[in-house]
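With chain A held as given, fit chain B onto it using these hints.
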Amino acid sequence: MTDGPVYWNPVLETYPLEKIRVLQLKKFNKIFQWAYDNSKFHRKLYHEAGVGPDDIRTLEDIQTIPKVDKSAMQDIQRKDPFPYGDALCVPLEEVTEYRQTSGTTGQPVYQPDTWQDWEWWSESWAYLLWAQGYRPHDRVFIPFGYNVFVAFWAGHYGAEKIGCEVVPGGVLDTRARILKIQELNATAMMGTPTYILGMADTAVNEMNLDPSQLTISKITCAGEPGASIPSTKRRIEEAWGAKVYDHAGATEIGAWSYECLEQPGGMHVNEALFLVEIEDIETGEIIEKPGRRGKMIITAFDRQAQPCIRFDSKDIIEWDANSCSCGRTFRLIKDGVVGRADDITKVKGVLFAPSAVEDVVRGLDGLGNEYELQIDTVDNREQITLQVELMPESETRRETIEAELGDQLRLKTNLRYDLKFRKYGELPRYQVKANRFKDNRNNL
Amino acid sequence: MSDSQFNLEEIDRLIQSMKKAAKTAAEQAESFPAVKKNVDRILASIKMLEINISDIITLDDE
Numbered sequence: 005m006t007d008g009p010v011y012w013n014p015v016l017e018t019y020p021l022e023k024i025r026v027l028q029l030k031k032f033n034k035i036f037q038w039a040y041d042n043s044k045f046h047r048k049l050y051h052e053a054g055v056g057p058d059d060i061r062t063l064e065d066i067q068t069i070p071k072v073d074k075s076a077m078q079d080i081q082r083k084d085p086f087p088y089g090d091a092l093c094v095p096l097e098e099v100t101e102y103r104q105t106s107g108t109t110g111q112p113v114y115q116p117d118t119w120q121d122w123e124w125w126s127e128s129w130a131y132l133l134w135a136q137g138y139r140p141h142d143r144v145f146i147p148f149g150y151n152v153f154v155a156f157w158a159g160h161y162g163a164e165k166i167g168c169e170v171v172p173g174g175v176l177d178t179r180a181r182i183l184k185i186q187e188l189n190a191t192a193m194m195g196t197p198t199y200i201l202g203m204a205d206t207a208v209n210e211m212n213l214d215p216s217q218l219t220i221s222k223i224t225c226a227g228e229p230g231a232s233i234p235s236t237k238r239r240i241e242e243a244w245g246a247k248v249y250d251h252a253g254a255t256e257i258g259a260w261s262y263e264c265l266e267q268p269g270g271m272h273v274n275e276a277l278f279l280v281e282i283e284d285i286e287t288g289e290i291i292e293k294p295g296r297r298g299k300m301i302i303t304a305f306d307r308q309a310q311p312c313i314r315f316d317s318k319d320i321i322e323w324d325a326n327s328c329s330c331g332r333t334f335r336l337i338k339d340g341v342v343g344r345a346d347d348i349t350k351v352k353g354v355l356f357a358p359s360a361v362e363d364v365v366r367g368l369d370g371l372g373n374e375y376e377l378q379i380d381t382v383d384n385r386e387q388i389t390l391q392v393e394l395m396p397e398s399e400t401r402r403e404t405i406e407a408e409l410g411d412q413l414r415l416k417t418n419l420r421y422d423l424k425f426r427k428y429g430e431l432p433r434y435q436v437k438a439n440r441f442k443d444n445r446n447n448l
Numbered sequence: 235m236s237d238s239q240f241n242l243e244e245i246d247r248l249i250q251s252m253k254k255a256a257k258t259a260a261e262q263a264e265s266f267p268a269v270k271k272n273v274d275r276i277l278a279s280i281k282m283l284e285i286n287i288s289d290i291i292t293l294d295d296e
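So the protein lines, in turn, are chains A and B.
With my numbering applied, the first sequence corresponds to residues 5 to 448, in that order.
With my numbering applied, the second sequence corresponds to residues 235 to 296, in that order.
Okay, chain B solo, but in the shape it has when bound:
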């Protein structure tokens, strides 16, 4: 199955903006455990998206 069935670049762009948004939320709530700890979990899930998608994109860039 080729990766042309999926717009991986667009998915990756969305992944990176989720990551940026999560980190920004954490920075703005440094002493707010409910935000900080939930963002930690979100970032861990985003890492899984990067493993599945972003790692392939950056490969094709090289």
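The shape of chain A in the complex, shown without the other chains:
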């Protein structure tokens, strides 16, 4: 239960979907015109594709507009206007914020924002935080390094916009952050699932402190899939005695989706600020109806400095057939972001998504939170190896756990694994985002 209005924007968040779709077409045309008029990169891209602003009369027409992906942005940047290149739509002196992507998949993409774009970032976070029950009486602790990655910067400003008291937890190490939460009776926090679980681990194993006895009652998780994986969500909620809500966003896109208080098993797309299309990975057709997964192509309607128009995010999602009991007409994506198109691969002829493994590992009592997954070619055959940590108190049940693990993995993924059990603490611990999946098949 929360106090005050249920929705950040009571009109837009409950607008009939058919009206939202009309709004989306109108706003798409505006941002398309803006990019066409102000970005050499976009104008050239559209001119070569033979499309222009007058060609978009229906939402279906939008599918004729060429997509942009991370590699296209990497190619045009590090040039004048430096370092953003031809996609910059405003004079350089109007850029007030620099951020970049994490670079885990190669050269980082630089992201400029004007002050208006930055306000828009905090506005998009205000939608999601309000939906997750954040209110002015909350004291929000942000255990984040406040660096060149956008991460939780906009979460900080979104919480401020709502009227929360925000405690910046940068520079402090994990122990100091836990102590600060305890000292100040913080009621909410934000982090990646990996880090939030790691904090709980540190509290229990290094500080003899039970995080569920602290005052945190809600946690927003973002930055990687996890909070929509049922067993990961359960582990975090049990560890902290708090409700955990998922959010998906990206540096190049914005804060495009959020789980609400109802925890419906998915996330609402903020359809007032973003247009989400789902593209079949194999055929390229746009999937309109629920029930089929595909790759997200997304447009941010109001981002000006470096527009995000039909950005190929590589996130795998599907529409949910059900509406949410919260009353929002913003559609749900079922189970959140279920994986990355670049992670989904065929192994032994079977389509494989690493997130399915996480749900199994974290759903089994007796296994630690960490795991490592890799695919190798051994004697011309594909081999998939899963390393897990056996909790010390479960060592006598190892055989049972191993059998259960193998069975569950076979059921969920249709594959057999080379299972390796490690002692608790032996596997890598990731600070922020995890990189647990390695596909070594193309490494020679």
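Because the hints were derived from the structure by calculation, they are not lab data.
Some clues are possibly wrong.
Chain A residues, not near chain B, derived (Cβ > 12 Å throughout) [claimed, not checked]:
no., residue
1, P85
2, D121
3, V171
4, T389
5, L415
Partial selection, computed: residues in chain A whose CB lies under 8 Å from chain B [said to hold, decoys possible]:
no., residue
6, L16
7, L21
8, K23
9, W119
10, W124
In this text, a Cβ means the ideal position worked out from N, Cα and C, and glycines have one as well.
Relative to chain A, chain B alone:
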């Protein structure tokens, strides 16, 4: 929840007059950084109001 609970047209009218007032202030203080830069921030916030309210009004007009 219907938009009839809120007088969106009236709110939008006020938003547009705030915008006009801010722009007028900036025009009258072109070489006054304290005014110019603070007006820039006000206009950015007004844009958020337009996203939340004005965009719906103009939709209903069509």
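Of all the hints given earlier, name the ones this structure violates by number, lowest first.
-> Numbers 2, 7, in rising order.
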